[in-house]
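As you go down the protein sequences, you meet chains A and B in turn.
Heads up, the first sequence is in this note's numbering, so the first residue is 1 and it goes up one at a time.
Heads up, the second sequence is in this note's numbering, so the first residue is 1 and it goes up one at a time.
Only pairs whose alpha carbons sit at most 25 Å apart, straight line, appear in this in silico PhoX-like list of lysine-lysine:
{"#": "1", "chain 1": "A", "residue 1": "K229", "chain 2": "A", "residue 2": "K33"}
{"#": "2", "chain 1": "B", "residue 1": "K178", "chain 2": "A", "residue 2": "K168"}
{"#": "3", "chain 1": "A", "residue 1": "K37", "chain 2": "B", "residue 2": "K178"}
{"#": "4", "chain 1": "B", "residue 1": "K157", "chain 2": "B", "residue 2": "K55"}
{"#": "5", "chain 1": "B", "residue 1": "K38", "chain 2": "A", "residue 2": "K108"}
{"#": "6", "chain 1": "B", "residue 1": "K178", "chain 2": "A", "residue 2": "K229"}
{"#": "7", "chain 1": "A", "residue 1": "K221", "chain 2": "A", "residue 2": "K141"}
{"#": "8", "chain 1": "B", "residue 1": "K157", "chain 2": "B", "residue 2": "K3"}
{"#": "9", "chain 1": "B", "residue 1": "K133", "chain 2": "A", "residue 2": "K108"}
{"#": "10", "chain 1": "A", "residue 1": "K230", "chain 2": "A", "residue 2": "K159"}
{"#": "11", "chain 1": "A", "residue 1": "K230", "chain 2": "B", "residue 2": "K178"}
{"#": "12", "chain 1": "B", "residue 1": "K133", "chain 2": "A", "residue 2": "K33"}
{"#": "13", "chain 1": "A", "residue 1": "K221", "chain 2": "A", "residue 2": "K173"}
{"#": "14", "chain 1": "A", "residue 1": "K173", "chain 2": "B", "residue 2": "K178"}
{"#": "15", "chain 1": "B", "residue 1": "K153", "chain 2": "A", "residue 2": "K108"}
From the derived model, a few chain A residues whose C-beta atoms are all more than 10 Å from chain B:
{"#": "16", "residue": "T3"}
{"#": "17", "residue": "D34"}
{"#": "18", "residue": "S38"}
{"#": "19", "residue": "E77"}
{"#": "20", "residue": "I115"}
{"#": "21", "residue": "P125"}
{"#": "22", "residue": "V155"}
{"#": "23", "residue": "G163"}
{"#": "24", "residue": "T195"}
{"#": "25", "residue": "H258"}
For each label pair, taking beta carbons as the anchor points, the in silico distance ranges come out as:
{"#": "26", "chain 1": "B", "residue 1": "Y4", "chain 2": "A", "residue 2": "N121", "range": "33 to 43 Å"}
{"#": "27", "chain 1": "B", "residue 1": "N171", "chain 2": "A", "residue 2": "E197", "range": "33 to 43 Å"}
{"#": "28", "chain 1": "A", "residue 1": "K168", "chain 2": "B", "residue 2": "S49", "range": "49 to 59 Å"}
{"#": "29", "chain 1": "A", "residue 1": "Y219", "chain 2": "B", "residue 2": "K55", "range": "56 to 66 Å"}
{"#": "30", "chain 1": "B", "residue 1": "Y4", "chain 2": "A", "residue 2": "D34", "range": "26 to 36 Å"}
{"#": "31", "chain 1": "A", "residue 1": "K168", "chain 2": "B", "residue 2": "R68", "range": "38 to 48 Å"}
{"#": "32", "chain 1": "A", "residue 1": "L84", "chain 2": "B", "residue 2": "S49", "range": "48 to 58 Å"}
{"#": "33", "chain 1": "B", "residue 1": "P51", "chain 2": "A", "residue 2": "I116", "range": "21 to 31 Å"}
{"#": "34", "chain 1": "A", "residue 1": "P218", "chain 2": "B", "residue 2": "R15", "range": "51 to 61 Å"}
{"#": "35", "chain 1": "A", "residue 1": "E197", "chain 2": "B", "residue 2": "P72", "range": "41 to 51 Å"}
{"#": "36", "chain 1": "B", "residue 1": "N53", "chain 2": "A", "residue 2": "I277", "range": "48 to 58 Å"}
{"#": "37", "chain 1": "B", "residue 1": "R68", "chain 2": "A", "residue 2": "S112", "range": "23 to 33 Å"}
{"#": "38", "chain 1": "B", "residue 1": "N158", "chain 2": "A", "residue 2": "D34", "range": "28 to 38 Å"}
It should be emphasised that the hints constitute simulated quantities derived from the structure, not laboratory data.
Fair warning: this is a prediction, and the values are worked out from it, not measured in the lab.
We put the beta carbon where it would ideally sit given N, CA and C, even for glycine.
The lines below spell out each chain.
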Amino acid sequence: MRTINVEEITRNVKEMCIEANHFLSPDMDKAMKDAEKSEEAPLGRQILGQLQENLRIAAEDMIPICQDTGMAVVFLEIGQDVHLEGGLLEDAVNEGVRQGYVEGFLRKSVVSDPIIRDNTNDNTPAVLHTKIVAGNCMRIKVAPKGFGSENMSRVFMLKPAQGIEGVKEAVLKAVADAGPNACPPMVVGVGIGGTFEKCALMAKEALTRETGCHSEIPYVKELEEELLKKINNLGIGPGGLGGTTTALAVHVNTYPTHIAGLPVGINICCHVNRHVIREI
Amino acid sequence: MEKYITAPITKEVARTLHAGDYVYITGTLYTARDAAHKRMYEILQRGESLPINIKEQLIYYMGPSPAREGRPIGSAGPTTASRMDKYAPQLLDLGLGGMIGKGKRSREVLDAVMRNDAVYLAAVGGAGALLSKCITDSEIVAYDDLGTEAIRKLTVKNFPVIVVADCEGNNLYETAIKEYAR
Chain A
1 MRTINVEEIT RNVKEMCIEA NHFLSPDMDK AMKDAEKSEE APLGRQILGQ
51 LQENLRIAAE DMIPICQDTG MAVVFLEIGQ DVHLEGGLLE DAVNEGVRQG
101 YVEGFLRKSV VSDPIIRDNT NDNTPAVLHT KIVAGNCMRI KVAPKGFGSE
151 NMSRVFMLKP AQGIEGVKEA VLKAVADAGP NACPPMVVGV GIGGTFEKCA
201 LMAKEALTRE TGCHSEIPYV KELEEELLKK INNLGIGPGG LGGTTTALAV
251 HVNTYPTHIA GLPVGINICC HVNRHVIREI
Chain B
1 MEKYITAPIT KEVARTLHAG DYVYITGTLY TARDAAHKRM YEILQRGESL
51 PINIKEQLIY YMGPSPAREG RPIGSAGPTT ASRMDKYAPQ LLDLGLGGMI
101 GKGKRSREVL DAVMRNDAVY LAAVGGAGAL LSKCITDSEI VAYDDLGTEA
151 IRKLTVKNFP VIVVADCEGN NLYETAIKEY AR
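Bound conformation, chain A alone (with noise of 0.2 Å):
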C-alpha cells in the first residue's frame, strides 16, 4: 500500500494543462516536421512551414499554440495499491485544470450546460476517464481536447457483414466530411469493436498513442497503414487547401464486442495532438 496526497494530482494536472498547451509532444513535432519535407503542395508546404513557425513562437513567447485550449481530458490509470488522502479525486483533478487554465493564460471554453451554455470561467470540470490497474503507482494523461476537430467526429454501428471494408468506408467518410474544419494534417484514432461508448473511448484514447506508432496486431497494423495512405490520397492537404499531408497517423484500438455488432468510433484531432504522460 502507498499513500498518495491528492494535492500532488492537482500539481501535476495544473502542470500537465500549461505545458500541452505551449509545447508540442516529440512525436507529433517530429511528425510535423517529416510532414514539411514531404508534402508535395506549395502551398500545403508553406502552411506546414507556417505552424512550425507557430511552435517556436507558442514555446518560446509562452503563447497557446492554439487559441482554443480544449477541454480538458484526463486518463487516470491507479494502481490498485494505492490509497488516496487529502480529498476527493475527481475535485483534485478539476482543480489542477482550474488553476492550469486560469494562472496559465489558456482559453475558458466549457460551458456550465449545454442548453443554458453559461461559461464556467475556469474550464472545468473536466472529462475524467479513470482505470484501475496493477501496482502502487499512478498513470495520468492529460489531453486538451479542441472542438474543430472533436465537431466531425463520429460513432457508425456497422452491421458484422460490413466487416473490415465497412470500416474503411467509415474511417474515409468521416475524414472526407471533417475536411478543412478538422484543421489539418490530423491525427485519427479508431475504437473498432466494444459497445457504443467503448469504441469512443478507445477512438479518444488512440490520439494519446506515441504518433506514428503502430498496433502490435498484425492486421490493425496493416489497417492503419493502408488507412493513412487512402487517407492521403483524398488531396484535402494542410488546411484542407489541397496537398499530399491530409493526416499525420492512424492509431486504431480494437475490443471484443457482441455477435450483432460491429461498432466504429472515429476521433478526430487537428495537428494540435496534445498529450501529456507523467507517472507518480
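Based on these hints, arrange chain B on the given structure of chain A.
Just chain B now, kept in the frame of chain A:
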C-alpha cells in the same frame, strides 16, 4: 498571387480577390463567434440595430486566449466558420465586406458572398500564436460579458489569409483538393 489590402474593404477591392490568392491584411477586423452572432441575429429579429456598423467590415471568427501582461492579445487563430452559416447571409446582405475563418461554408453563405461582392478568407487553423503577432491592438467593443466570445475590434498588420471563396463563385476547398486527390 500575393496581395496586400487594407480593411475595411470596399466591394471594388473584394472583386479583385480570387480564390487561391495569398492576402496580407492591414487595418481593422472585428471578432465575433457563436454567441455574439446569436445575439446579433436576435437583435435584427427584433428590428433593432447592431452594436457595430458592419458595412465593409471583415468579421474574424475568433475567440482569443487571455493576453499576458503587456501584450494586446493571446493566441488568436480562426474557429470553424460553418457554425456561423446560419447568421452570415443576413449580415452579408446588410453590407458586411467579408469573413475570416476556417472550413467549409454552406451554399447559402457562398451565394450571399457572390450576391454581395464579398469574400470568404481562411486563416491557418491552429496557428494562433503566429497570428497573434500580427495583431497590434485589441479592444472589446460589445458583449463584454461573453468573455472570449465578446466582439473585439482588432488592429492588424500584414495579417495572412488565403482567399477560399470569391464573388465569382470559385471555392478553393473544392478545386485544390481535386488537384491532389489520387
